[in-house]
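Trainee: Could you fit the two chains together into a complex? Lean on the hints.
These protein sequences, in sequence, are chains A and B.
For the first sequence, UniProt numbering gives the first residue as 1, with consecutive numbering after it.
For the second sequence, UniProt numbering gives the first residue as 1, with consecutive numbering after it.
Hints were generated in silico from the structure; no laboratory data involved.
All the pointers check out, no bait thrown in.
Calculated cross-link-like contacts (lysine-lysine; reagent style BS3-like; alpha-carbon spacing at most 25 Å):
1) B:K127 - B:K146
2) A:K31 - B:K260
3) B:K270 - A:K208
Restraint-style ranges between C-beta atoms, simulated for each label pair:
4) A:A129 - B:K193: 34 to 42 Å
5) B:I178 - A:T130: 39 to 47 Å
6) B:K193 - A:N135: 33 to 41 Å
7) A:T130 - B:I200: 41 to 49 Å
8) A:P37 - B:K193: 22 to 30 Å
9) A:D198 - B:K204: 54 to 62 Å
10) B:V360 - A:A129: 28 to 36 Å
11) B:K193 - A:D198: 42 to 50 Å
12) B:A37 - A:A129: 53 to 61 Å
13) A:T130 - B:P45: 56 to 64 Å
14) A:T130 - B:K204: 49 to 57 Å
15) B:V360 - A:S63: 36 to 44 Å
Here the structure is a predicted model, which means the values were calculated and not measured.
Note that beta-carbon positions come from the ideal geometry of N, C-alpha and C, so glycine has one too.
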Amino acid sequence: MSTIIENKDTIITKTSGFPSKDVMLDLKDLKKVYPTPKGDYVVLEHLNLQIKKEEFVTIIGHSGCGKTTMLSMIAGLNPISEGNISVLGKHIKGPGPDRGVIFQAPSLMPWMTALQNVMLGVNQVFPHATKAQRNDIAKYYLQKVGLEDAFNKRASDLSQGMQQRVGIARAFAIKPKVLLLDEPFGMLDSLTRGELQDTLIDIWNKEKITAVMITHDVDEAIFLADRVVMMTSGPRAKIGDVLDIDFERPRTRKAVLEHDDYYKYRKHLIDFLEH
Amino acid sequence: MKQSVTLGKVTKFMGLGFLSTFKDLFTGKLEKEDYKAFLRKVIVPVASVLLFLGLWHLGAKALYNVEAEFRIEKALNEQGQAAADDMAACIASGDTSCQPNTLPSPSQVWTSFQSLLNDHALISADKAAFKEKTAALNEKRVAEGKDPIVYTGRPSFVDQIFRSLKTVFAGFFLALLIAVPLGIFIGLSPTLKSAFNWFIQIFKPVSPVVWYLLVFMIVKTLLIDSSEDSSFSISFIAVGLCSMWATLVNTSMGVSSVDKDYINVAKVLKLGNFQKVFKIILPSSLPLIFTGLKITLSVAWMVLIAIELLAQSPGLGLFVWEEFQNGANDSNAKIIVAMFVIGIIGFLLDRLMLSIQNWVSFEKTDAI
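Chain B with its partners taken away, still in its complex shape (with noise of 0.2 Å):
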């Protein structure tokens, strides 16, 4: 039977089926009794996207005046009246120098957004202007048995996001090779189930700071030699180690949980072990690996950023920790605007998981 792949579905496949409302609207296919699921679905999620932005730019405000307030205050307390005018003048003019340094509002951030992504553009300029330049050089100190030199100027925003999902596709797929066949193993064997129970239970709560030295100490001393940046091993390793439980639990425990009428008809049709488990425990257990793989990737990202703040990896951690140092008029709104970004990757990185494991299992899964 074949079926027919129209956008609703793909979308509604991907848990994004809100879309597929928007597309009815536009096109005028709208039935009367659509209209309540439309407001339900469009126009209330809307509507409460306004209400936080409307909210969060009072409460910005507020904290905005009484930072303002404090200023002119200590300024009047300090210097006298004639200062605190000044300050108030200044407060007022909108002058950098002396702008109260809050929480900012969402046109701040906004603002922030698009000076970020002209920064990445000026870079991206840059950084082709330079390969350019040095292309004919470095093509004759490859010739010549040298390194060619690279580009080592800062690196934008956008590079950065790239530089973290690396990182998290890395330590993501460390995971995947570790807990899938070890799970498979201990889901199998109670031997090694109880020889690695305390094992698991131990580590599993372990906090990703506590991981990220323990790969430290041990990556460090193995590339003692190498003159190589090692922060992007010791992250992605990190990331890796402290994700992985879920998808070690969830992997033994859908192989140990296999239905035990499954297991009947292996036992009467007399399986061999290979075939016992690739045709019958493992696709059982698939959505249980699934659901734990997607714990894994959301945890991935969530620890990534502590991470690479510590590993001093490039990275959306690093610019967060950076932009905090740095404490520039415009870095709490860059902070604000890497939140979001992260926020949204983390989502979308949800609905890539949730379609990978719509796709490959049995069970249909409902995005929640």
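Bound conformation, chain A alone (with noise of 0.2 Å):
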């Protein structure tokens, strides 16, 4: 469990202190500020995170707390106001591949069938491999997400869930370092959600990437990450609390159901979120 020192406006979580080479992402003094007719509007405050090499974090808080906005400040989609972000110690600038995003709608090109939609990313990121390579990564992606059979739809022709699916295989086809999900299953029914957690999972579990999630769901919180950052509500949002979650990966959901420490979590975070 992480530890938290309180200065009067500023928290600073401590994550269990691991060296500084295996921090992949890293979030210091972060502030948005949007300028209002009114003054200053200020969204995220001293918000301080250090994410390591392989590890998935969900990100769980009150909707319009700013968690948006701090996942596509990490994507280089939204100036920063202040602070940095560094990935691998290098200080980003405006979007890149490195760090790929799962949107919360798929973000597809309808005119585009699934193939080309992943292509689109893998052609881009891998120039100097041979066509032939370059489809076969992006076959294998698709396989991987369960749409072995749908390359040559188009994407307007796919279920939403199924178009979700291709945006998985589209981030992780391009390889990043690190992987932005901004509440990629908010949009389907549970049933679809519970079969695209497993989906990327199962892919994750393989591919290890540091990854970082926005979720309104306490649940899928639980199920897929190492550690849970829940926000304080916003204006001047910041990080209120860090959960570690324990369980053994891979998990499947009926172990992590049933495991003794699940209520103790679940209860943990919506204590958090109903104060």
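Mentor: Here you go:
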């Protein structure tokens, strides 16, 4: 469990003290301000978070607390007001394929086939591979997400769940250093959501790409994560609490649900969210 | 996945889905629940066409009577009872010299249509004969380096339709070549957008007549040395300039309003500008570009008539104007024939664009 040191309006979380060479993603004193006619609106302030290599972190918090703002800042799609973000010790400058994003909406190009959508990224990241090699990479990841029969279906002809599977394949296929997931299953029904969580965790167990995922779903947060980061409500949102999830990997949903600690974790998160 | 192409699919694709109901009717495949659809899609339109023809017939007859009575009355007042009786007899006999000249009835229009077709057959035969007669002579003239003799007789109605179509497509492609690239640049760059905005806002509402006059001023001077007939160039350029605005506005709107998610994907993948434009921005704005092109083609067809009339460029517009000036007994009927031909061709052009749009874009648009 993390220790929390509280200064007047700063909360610095010191996660169980791992050496700096193991840090993949480092957010330092991050701040986001939107200027409005009535003065500055501070969304995030004094936000500090370190994420280890091969760690899966979920971020939970109330709607509008600035989770998505934080994630899009990490992705480089939203400018940083103060502080900095570094990947493997290097400050980020704008978006790039070292940080793959799975968006809330599948965001596939509807006029392209599933394969073409994945190839769009693969072509960009592996420009020196042969056409056949790139095709193989794209097909491999589409198979991994269970779409071996839908390579040549147009994205507009796929169901929402299948579209998000393509989104997952597209993000993994570019082999990013960090994977950013912005409530990727929020728009799906609970049955499909469960299936996609399984797909995601299967492929993640093989690739072990450092992942940061935003979610509203407490069970999803526990099932997928090594650590759950809880954010306080905005404005001036920051990290309120961090919970380590000590289930073994690979996990199965059944084992997690039957584990003694599961309800303890769940209660912890719900208590945080209700206060 | 291969899809079989059936008649039903093709007709539906072209926005002519109602035709497949006819096919089902003749092949006896109609199910019980299809009768309602059959009633709505076939019986109701046919009935409304018949009703329209009936009202038209009655209206034309009423107007005919008004005009006939006026003529008899006039003869009575000016020349006395005997002249009035003569006039009444003359009108009743169907003599062309004294027929009331008013809205023609459906049957008169149909007769005129057939006579226009006969006329076309005659002129075509004449043209073929002329070509045969001058073939040897022309060969000699060409060999001597002179211009061949060409047929200069009057064009038939069908020739004029094709001439009009040629003008409208030339104008449409001019509009496409100017408006689509310009629209893309304006949509991509806010600077260009503010540079061109006043220009678009001011020139968009300008009437076709004024465009014609502007093009006339410029082309006349440019072709001052040329002895060639400039009416075709003037009319197609004017048609293009009149009709390009819808495509320009729609293209720039489509390009500047690409879904933000797609742009974010492009940013995350760090696509180059070329890839961003050709792989993401253009495909996603195709539906709007085609909506613009569809409006452009129908506007082009609509303004064509007025512009041909002004430019004295052979075509349906000139045909209508000449018939109006001509004032012959069947002129009115011929004008109505031209009206229907213009309407039907306009409808077919619209369907043509719709099927191209359905073919190239990812959003399926239903026919309205």
